[in-house]
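**Student:** Letter by letter, the chains look like this.
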Amino acid sequence: MSDNRLEIDIALGRRQFTLSVAANWPLDGCTAVFGPSGSGKTTLLRTIAGFERPDRGRICYRDTTWCDTTAGTWVAPHRRGIGVVFQDAALFEHLSVAGNLEFASKRAPPGDARYSTDDVIAACDITELLQHQPATLSGGERQRVALARMLLSQPQLILLDEPLSALDRDRRRALIRVLRRLPRDFGIPTILVSHDIDEVVELADYTLPLREGRTDGFGKTTDVLNASGHDVGFTLVDAAVRSIDPDYSVATVQALGTTFTLPIDRDTPPIGQHRLRIRDRDVAIALSAPTALSIRNHVPCEVVSISPGSSPALVRVALLAENQGFGASITRAAVSDLQLQIGQSVVALVKSASIDG
Amino acid sequence: MSGPDISALLLTGWLALVTTLVLLIVGTPLAWWLARTSSRWRPAIEAMVALPLVLPPTVLGFYLLLLFNPTAPIGAAWLWLSGDTLTFSFAGLVVASCMYSLPFMVQPLTSAFTALSRGPVEAAASLRATPLDTFFSVVVPLSKRGFLTAAVLTFAHTLGEFGVVLMVGGNLPERTRVVSIAIYEHVETLAYTEAHTLSLILLLTSFVVLTVVYASNRSQAVRVG
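Same order as they appear, the protein sequences are chains U and H. Heads up: the first sequence runs through residues 1 to 357, numbered per my numbering. Heads up: the second sequence runs through residues 1 to 225, numbered per my numbering.
Mixed in with the good hints, there may be bad ones.
Said to hold, decoys possible - Facing chain H, from chain U, some residues (calculated, C-beta under 7 angstroms):
| # | residue |
| --- | --- |
| 1 | F92 |
| 2 | S96 |
| 3 | A98 |
| 4 | G99 |
| 5 | S153 |
Unchecked claim - Each pair of labels, with its calculated beta carbon distance range:
| # | chain 1 | residue 1 | chain 2 | residue 2 | range |
| --- | --- | --- | --- | --- | --- |
| 6 | U | E102 | H | S82 | 31 to 37 angstroms |
| 7 | H | R40 | U | P109 | 35 to 41 angstroms |
| 8 | H | W41 | U | K106 | 36 to 42 angstroms |
| 9 | H | F207 | U | E102 | 38 to 44 angstroms |
| 10 | U | G139 | H | A47 | 32 to 38 angstroms |
| 11 | H | T114 | U | D119 | 55 to 61 angstroms |
| 12 | H | I25 | U | K220 | 53 to 59 angstroms |
| 13 | U | W74 | H | L172 | 30 to 36 angstroms |
| 14 | U | G139 | H | S82 | 55 to 61 angstroms |
| 15 | H | I25 | U | D223 | 44 to 50 angstroms |
| 16 | H | I25 | U | P26 | 46 to 52 angstroms |
As the list claims (entries may be wrong) - Covered stretches of chain U (in silico footprint by chain H; criterion: 3 or more residues with CB under 8 angstroms from a CB of chain H, positions within the stretch not fixed):
| # | segment |
| --- | --- |
| 17 | 59-68 |
| 18 | 102-108 |
Since the hints were derived computationally from the structure, they do not count as laboratory data. Using N, Cα and C, we set each Cβ at its ideal position, and we do this for glycine too.
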């Protein structure tokens with residue numbers, strides 16, 4: 001999939017900030033552009049879509065140059081083959097849901113449909129809504145219709161502009177389930193713009209952090225978030241789900257060189273590669289492996305650093321197991337009681353961890 | 001009602017209809033440009049469009065009369081092309097009415113286009129619709145109230161036109177004599193009964209047309225909300 005390269009080198013001035021981005025990404029699966037509001041991420045997305053013109057620079061996708069200010073090349077948005085889902089869905093209010101979908105399928109390039117209308121309607125779970133008018137739909141329903149409409153235009157690149165921001169908790173979960181399957185089911189590389197770290201963790205394979213209009217490294221979401229110094233209070237760890245025990249509702253997961261037993265909270269994860277999100281506050285430290293303890297997940301590891309935590313009483317202990325870093329949030333008092341030192345071998349007790357993406 | 005009065009009524013209706021159609025074609029792209037452009041020429045163009053609202057019709061009519069004169073370039077070109085003069089002809093009346101009623105077409109359309117959010121337009125582009133396709137399949141249906149208002153105001157305004165017509169068209173029966181001029185003539189000759197009939201017809205027509213617009217705007221607003 002490495003032929004899905006997006007090459008960007010642009011500068012664009014706006015009143016609040018200057019966007020200056022140079023990147024060359026292999027777009028594979030879902031890539032998040034992650035940053036606080038006002039960091040220019042939506043402008044970046046709109047420039048990729050062709051809704052904004054950069055002051056100078058070039059944008060190439062696969063073998064096509066979409067924009068090159070030096071050569072005077074400009075490909076209009078409707079010729080770029082992009083699928084956009086807007087923050088507010090931007091449905092056509094004068095058409096029914098079915099009319100909205102037909103608008104897209106009628107204009108899709110003939111002949112190279114990789115999936116059918118029925119596949120899309122089923123995946124987005126909108127069968128019941130087809131005869132409705134957009135004005136009668138809830139926020140979550142509007143986003144699912146927008147998603148289906150976008151897919152039916154058979155895009156070669158998907159751009160999602162904070163698609164979950166207008167939704168409440170339950171609807172977010174439902175839409176995340178749909179979005180997570182997109183790259184796998186439809187095979188289209190996706191760029192997601194988001195300021196919400198949970199969204200990024202759950203959806204994105206790769207992350208491009210953006211701060212005040214500038215990029216700040218690009219890489220696997222796990223590496224970027226762990227290395228970014230964002231005080232996020234958790235670590236993402238590569239993990240493999242080995243088996244599911246339906247009687248106890250637990251999954252056996254291989255990670256950090258040990259076997260975890262983790263409760264399944266909402267959806268049963270499929271067997272295979274996943275990511276484990278370990279919160280600092282769910283990790284305790286013991287000098288040796290304890291026995292007779294309800295915490296079942298014991299990770300032999302090494303203390304890498306000890307730094308101030310989120311409150312005066314707390315410190316964050318950075319730990320390393322199997323070349324994978326993670327952290328524990330414990331009290332300063334405990335550190336001095338245990339006489340923890342850098343380089344010391346300890347056992348991390350992981351009370352819980354959630355299985356993502 | 002006399003034959004000349006009936007032909008004045010028909011001529012007026014026909015003039016209003018033709019003017020509305022011509023202005024729909026000319027005014028729509030102009031309004032779209034005004035709604036979207038960031039050109040520094042926009043204020044000047046907007047002012048030109050709004051001029052007929054403030055100028056006395058006789059001023060506009062006077063300038064048009066000079067332009068349409070067969071010795072002036074525009075008048076001469078028209079004479080050469082069509083074999084008829086622009087002054088004191090139906091064609092001249094249509095051109096003059098279009099100038100005079102331009103703001104009534106362009107202003108409601110511009111505000112309808114400005115009110116349209118960029119979301120649906122950009123969504124259409126992202127779904128591979130060309131700009132022209134987007135305009136007809138998204139912008140026009142979403143702005144249909146603006147179109148209705150603009151067309152009806154233009155039509156009704158042209159029905160009641162007097163000064164410009166008198167200057168450019170004069171008062172030639174079946175050629176340029178519209179209702180407003182026929183009424184004026186009846187009053188001049190103290191034929192009040194005829195003046196009453198025509199005035200009442202014009203009053204009622206305008207009232208009915210405007211009521212239909214406001215009623216349809218209202219019922220749509222209720223349905224949307």
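**Student:** For each hint, tell me whether it holds in the structure or not.
**Tutor:** Results for each hint:
1. F92: holds, 6 angstroms
2. S96: violated, 13 angstroms
3. A98: With a minimum Cβ separation of about 15 angstroms from chain H (threshold 7 angstroms), the hint on A98 of chain U is violated.
4. G99: violated, 10 angstroms
5. S153: At about 5 angstroms, which falls below the 7 angstroms cut-off, the nearest Cβ of chain H leaves the hint on S153 of chain U intact, so it holds.
6. U:E102 x H:S82: 31 to 37 angstroms: violated, 46 angstroms
7. H:R40 x U:P109: 35 to 41 angstroms: The hint (35 to 41 angstroms, Cβ to Cβ) holds, given that R40 of chain H and P109 of chain U are roughly 40 angstroms apart.
8. H:W41 x U:K106: 36 to 42 angstroms: holds, 37 angstroms
9. H:F207 x U:E102: 38 to 44 angstroms: holds, 41 angstroms
10. U:G139 x H:A47: 32 to 38 angstroms: 43 angstroms Cβ-Cβ, so the 32 to 38 angstroms window is violated.
11. H:T114 x U:D119: 55 to 61 angstroms: Given range 55 to 61 angstroms: violated, Cβ gap about 40 angstroms.
12. H:I25 x U:K220: 53 to 59 angstroms: Holds: the Cβ-Cβ distance is about 57 angstroms, inside 53 to 59 angstroms.
13. U:W74 x H:L172: 30 to 36 angstroms: With a Cβ separation near 54 angstroms, W74 of chain U and L172 of chain H fall outside 30 to 36 angstroms, so the hint is violated.
14. U:G139 x H:S82: 55 to 61 angstroms: holds, 59 angstroms
15. H:I25 x U:D223: 44 to 50 angstroms: violated, 59 angstroms
16. H:I25 x U:P26: 46 to 52 angstroms: For P26 of chain U against I25 of chain H, whose Cβ atoms are near 50 angstroms apart, the range 46 to 52 angstroms holds.
17. 59-68: violated (count 0)
18. 102-108: holds (count 4)
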